Amino acid sequence: MFQVLLPNRSCEVHQLKLSEEEQAVYDVVFAQSRSTLQNYLKRHEGNDLISGTSSSSNPFDKVAQEFGVSQPVSAVPRQASSTVHILSLLLRLRQCCCHLSLLKKTLDALELQGDGIVLSLEEQLNALSLSCNPSQSDSDPKTTVALNGSRFASQLFEETSKSTKISAIISELMAIRDMGDNQKSVIISQWTSMLRIVAVHLQKMGLRYAVIDGTVNPKRRMDMVEDFNTNHKGPQVMLLSLCAGGVGLNLIGGNHLFLIDMHWNPALEDQACDRIYRVGQRKDVTIHRFVCEDTVEEKIATLHKKKKELAQNVLSGTGSTLTKLTLADLKIIFGV
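The sequence shown: position 299 = 299 (full-length UniProt numbering), numbered continuously.
Be aware that a few hints might be false.
Here are the computed lysine-lysine pairs in the BS3-like style, where the Cα-Cα straight-line distance is at most 25 Å [what the hints assert, rightly or not]: (1) Lys17 / Lys299; (2) Lys204 / Lys233; (3) Lys306 / Lys17; (4) Lys17 / Lys305; (5) Lys331 / Lys306; (6) Lys42 / Lys299; (7) Lys299 / Lys283.
So the derived label-pair ranges between C-beta atoms look like this [to be verified]: (8) Ser10 / Thr302: 36 to 44 Å; (9) Ser35 / Lys219: 19 to 27 Å; (10) Leu6 / Arg177: 18 to 26 Å; (11) Gln155 / Val279: 22 to 30 Å; (12) Ala31 / Gln155: 20 to 28 Å; (13) Asp223 / Val336: 46 to 54 Å; (14) Met205 / Asp294: 25 to 33 Å; (15) Lys306 / Asp274: 18 to 26 Å; (16) Glu298 / Glu21: 43 to 51 Å; (17) Ser150 / His232: 44 to 52 Å; (18) Arg43 / Ser150: 23 to 31 Å; (19) Leu6 / Asp294: 18 to 26 Å.
Keep in mind the hints are simulated off the structure, nothing from the lab. Quick caveat: nothing in here was measured; it's all calculated off a predicted structure. No residue lacks a Cβ here, since even glycine has one placed at the ideal position from N, Cα and C.
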């Protein structure tokens, strides 16, 4: 039987430490998120006592429904409670680990649905209070922003600012560039806004790049893929939206893949890795993962491992344990 031999594939996990300023912002959002989850748990337990019933015998399915996971848009009430807010705040925590300017942006509907979140605009605004309104403090409101009652330097929230993760990505790209012209990279993020931030810094580096997201039509996408795969003078970096490019694209021109933010569903990340590690690839492949220490990213990495092990042990079923974020998962993340 004919067997296709692929080149070597390795995975590098880059452990990062947020700067003191980034960690301070993260801690504010984490405290609000943890408090919201604790309040939900208290109400949830109270409802069980009032009704005289215990929690569902299958709490994973029940909580997945309550948190809007895998529900169609029409099935989620407009007045989503704090149960949905927890997921949106958790998404904001993940964004804190990437770049603080993401906190200034309205959450994209498609990206929210990728996390199983459906929020109205009002609920998005309530999920995170970030403003430049003057406060009673001596700080200059023009140089600081308010986040849930705390003030931080506005420079932290500018796209041109080098976050810890952006600095690590740039460092790796510089090392890859020094390896030779045949080295190309694919950078994947769930958030198109994060891809735009990366693009700002790629321009500063003088690296050629292309972007494939949900706005690129199929014909243009095919042309961009062809140019990336075959043209040595074409893009050195492909910026790819996880939702738009997780399945189907052949990007064997690249041999370095950057997963710069962690998604709940490890299967999506595995599919993304298959964009460059597939039949036709002739170069050794390196997968770069970036994990910020003492943040939800570490907890998500642990959940990934557990979900994969559980999925491998399940011989039948839909594999929902791999794709859903459960109440048990949230308790682990927030330590409650």
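Checklist line | Indices of hints not satisfied (ascending) | finding: The structure breaks hints 7, 8, 9, 11, 16 and 19; every other hint is satisfied.
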